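Protein chains: 2
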Amino acid sequence: MPIQDIDTPALIIDLDSFEHNLNLMSKSVASLGVAHRPHAKTHKSPVIARKQIAVGAVGQCCQKVSEAEILVAGGVDDVLVSNQVVGQQKLERLAGLARHAKIGVCVDNLENIGAINAASSKFGSQIDVLVEIDIGAGRCGVVPGAPAVKLAEAIESMSHLKFSGLQAYQGRAQHIRGFSERKVAIEKASEYVLKTIKLLGGAGIDCPRVTGGGTGTYQFEAGTGVWDEIQAGSYCFMDVDYGLNLTEDGNYFDTFQNSLFVLATVMSIPNKERAVLDAGHKASAIDSGLPKVMDLPDVEFVSASDEHGTLTLGRNAPKLSLGQKIRLIPGHCDPTVNLHDWYVGVRNNIVESIWPVAARGAAF
Amino acid sequence: MPIQDIDTPALIIDLDSFEHNLNLMSKSVASLGVAHRPHAKTHKSPVIARKQIAVGAVGQCCQKVSEAEILVAGGVDDVLVSNQVVGQQKLERLAGLARHAKIGVCVDNLENIGAINAASSKFGSQIDVLVEIDIGAGRCGVVPGAPAVKLAEAIESMSHLKFSGLQAYQGRAQHIRGFSERKVAIEKASEYVLKTIKLLGGAGIDCPRVTGGGTGTYQFEAGTGVWDEIQAGSYCFMDVDYGLNLTEDGNYFDTFQNSLFVLATVMSIPNKERAVLDAGHKASAIDSGLPKVMDLPDVEFVSASDEHGTLTLGRNAPKLSLGQKIRLIPGHCDPTVNLHDWYVGVRNNIVESIWPVAARGAAF
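Each protein sequence line maps, in turn, to chains A and B. Count along the first sequence starting at 1, add 15, and that's the number in this note's numbering. Count along the second sequence starting at 1, add 15, and that's the number in this note's numbering.
Since the hints were derived computationally from the structure, they do not count as laboratory data. All values derive from a computational prediction rather than experimental measurement. A hint or two may mislead.
A pair holds if it fits inside one copy or across any two, identical chains being indistinguishable in the list.
Only pairs whose alpha carbons sit at most 25 Å apart, straight line, appear in this in silico DSS-like list of lysine-lysine [as the list claims (entries may be wrong)]: (1) 334 with 165; (2) 177 with 165; (3) 177 with 137; (4) 210 with 334; (5) 66 with 203; (6) 177 with 213; (7) 210 with 287; (8) 287 with 334; (9) 307 with 334; (10) 203 with 177; (11) 66 with 137; (12) 287 with 165; (13) 340 with 287; (14) 340 with 307; (15) 287 with 66.
Using the sequences provided together with the hints, build the complete structure.
Here it is, written out as structure tokens:
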């Protein structure tokens, strides 16, 4: 089936670009000497997870127990929940899951460590526990240094938990546009990590792993020699927001190709300056900016409502026709994927695959 | 089950407030002398649609064929797609559906009218067609007046279509904060509608219905005497954005109660000034602003990422505990509902019902 016959709005993967990205990252992390544990919060798909693992990834990260359940059910046997899991219901699911796969989780709270151990004990499973330190993101995580050591000691004292290292993700650095500013942010973050590792060593605790890093910064984390494992996920799809980062030579970051698109239909052309697409908030997430129109010069996506995307047609815009299908690059890939139930994989404009977004809505 | 046992993030309906809103709107439209066709793009649920119809609504609106299919399958027998439907695949589904329920659709394009008729002919069904006029929203719709008459004439000339009136929705007016400014916007819009009705009359075409209006303005549309039917949908849930509108006496618009909440768990308390919830972009849509924390003074939801919501805790904030569950009022109800698979209905803090968000993701 040609791409033009796909009903819209639809989430499209350009398979050539997608595979290019997977292979490029595989080579990149190999040359940098770090492990790669891609973040499944981007793709939400065991199909894609297995493809990443096939080219060298050591497993997957995710943020929620429900995502981990879907990954394990889909054939992934090493999953790190790179996030805190709080509440008995969730912890019992996590502990049960740890009987079926290697499961890790992050902590930033003493009480939570006891609760995880109680759940693991109940299920007779073992959970790898990493201490999350806040290296500048200002979200979760303990202050680097002594507070992290205290948590590591608590983990070590538990019957069913294993201290497995540090979760150190500088989320705020991912979209710092300037190359050197982004690099400096990670170098600063690395000092916090090193300080913590040193204090852990002083307390007789080995730090088996430092994990973190995203598509915007993974080369810097790897370059510091402090991180063992990087978690970049968006590289497989890219989006408008990551495309605005700058590389060392001042160009836009296009090392990885845009492989993810929302296909939309022109459903109204009220006048020469305006056309309306059938794709709005329900088809493309706008938390990090509006989507961008592919291939059509002087056509700009200027506003979204729930079901509509409004385009302005400039002087040099081609004439659009009712029913014409247009590709949009999402502003932010992860939450855009979460709006769709399946990916339509396309190669040379022919539909090749349908992959469920199996962990769509898996927020619990 | 008490509300505190619901795993999070979860979409909660306070059933008392929800029923209050349904009954209040039922009385309001009756006293205003207009029909009510609530917009299902808010709730995406045949269960709720049937409850609205039970208290007097004449049917439902929706924006997409896939929503209409789900409404009809769920027992709603009168559905207006208050939007353009473009493309043979969608039109054939619409025409097929018209064999099972009374179906209406909007047009703003001559070519589209022929395509709708071709689909209806193929299925031997009849579709009610309304002409959408742009009364200030600047999205879809033809210019009021002569262009609308031309389309109405074309509809009348078709074998399987029936001209059924004007779709006239001033989307931009819904969230104008000031009462009188909002009223003026609708009064101005009403002139465009009247002008079009007059021209239709001059061409010998009766306009059987004018439909439009939302939760922010429906009283004004009804007050002009020009609209026969109002489409307000958000009134059943309300959200932060609608709550910022002002009433005639300058107070915040709280005629309808907040009945929709995202229940979230405190998953991290890094310090005295900050706590983190397990609900971010995947649990509450932020296109019209951030969610608002219920019941907790001096606690503010200040930022969202995909899976996290960050709270700042002011001086007068109560002490939060890990695992504590907190209700959020969504910034914008419609796209928030679209992130969830079910509603948990709660009365007096006890879970009473689970209703599927049956048209979640129905964007095609």
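Evaluation of the provided hints:
1. Within a single copy, residue 334 and residue 165 get their C-alpha atoms only as close as 65 Å, which misses the 25 Å cut-off; across copies the closest is 23 Å, which meets it.
2. Proximity of residue 177 to residue 165 under the C-alpha cut-off of 25 Å is restricted to the intra-copy arrangement: shortest distance 14 Å within a copy versus 74 Å between copies.
3. In this assembly of identical chains, the alpha carbons of residue 177 and residue 137 lie at most 25 Å apart only when taken from the same copy (16 Å versus 66 Å across copies).
4. When the C-alpha separation of residue 210 and residue 334 is checked against a cutoff of 25 Å, the pair qualifies neither within a copy, at 60 Å, nor between copies, at 31 Å.
5. In the homo-oligomer, the alpha carbons of residue 66 and residue 203 never lie at most 25 Å apart, since the shortest distance is 34 Å inside one protomer and 57 Å across protomers.
6. In this assembly of identical chains, the alpha carbons of residue 177 and residue 213 lie at most 25 Å apart only when taken from the same copy (19 Å versus 78 Å across copies).
7. Proximity of residue 210 to residue 287 under the C-alpha cut-off of 25 Å is restricted to the inter-copy arrangement: shortest distance 24 Å between copies versus 61 Å within a copy.
8. Proximity of residue 287 to residue 334 under the C-alpha cut-off of 25 Å is restricted to the intra-copy arrangement: shortest distance 9 Å within a copy versus 57 Å between copies.
9. In this homomeric assembly, residue 307 and residue 334 come within 25 Å of each other (Cα to Cα) only inside a single copy, at 18 Å, whereas the closest approach across copies is 44 Å.
10. Proximity of residue 203 to residue 177 under the C-alpha cut-off of 25 Å is found in neither arrangement, the shortest distances being 28 Å within a copy and 68 Å between copies.
11. In this homomeric assembly, residue 66 and residue 137 never come within 25 Å of each other (Cα to Cα): the closest approach is 34 Å inside a single copy and 44 Å across copies.
12. Within a single copy, residue 287 and residue 165 get their C-alpha atoms only as close as 65 Å, which misses the 25 Å cut-off; across copies the closest is 19 Å, which meets it.
13. For a Cα distance limit of 25 Å, the shortest separation of residue 340 from residue 287 inside one copy, 18 Å, qualifies, whereas the shortest one across copies, 51 Å, does not.
14. For the identical chains of this complex, residue 340 and residue 307 are intra-copy neighbours only, at 14 Å inside a copy versus 38 Å across copies, given an alpha-carbon limit of 25 Å.
15. Taking CA atoms no more than 25 Å apart as the test, residue 287 paired with residue 66 passes in neither setting, with 45 Å inside one copy and 43 Å between copies.
Consistency note: the structure conflicts with the earlier hints numbered 4, 5, 10, 11 and 15.
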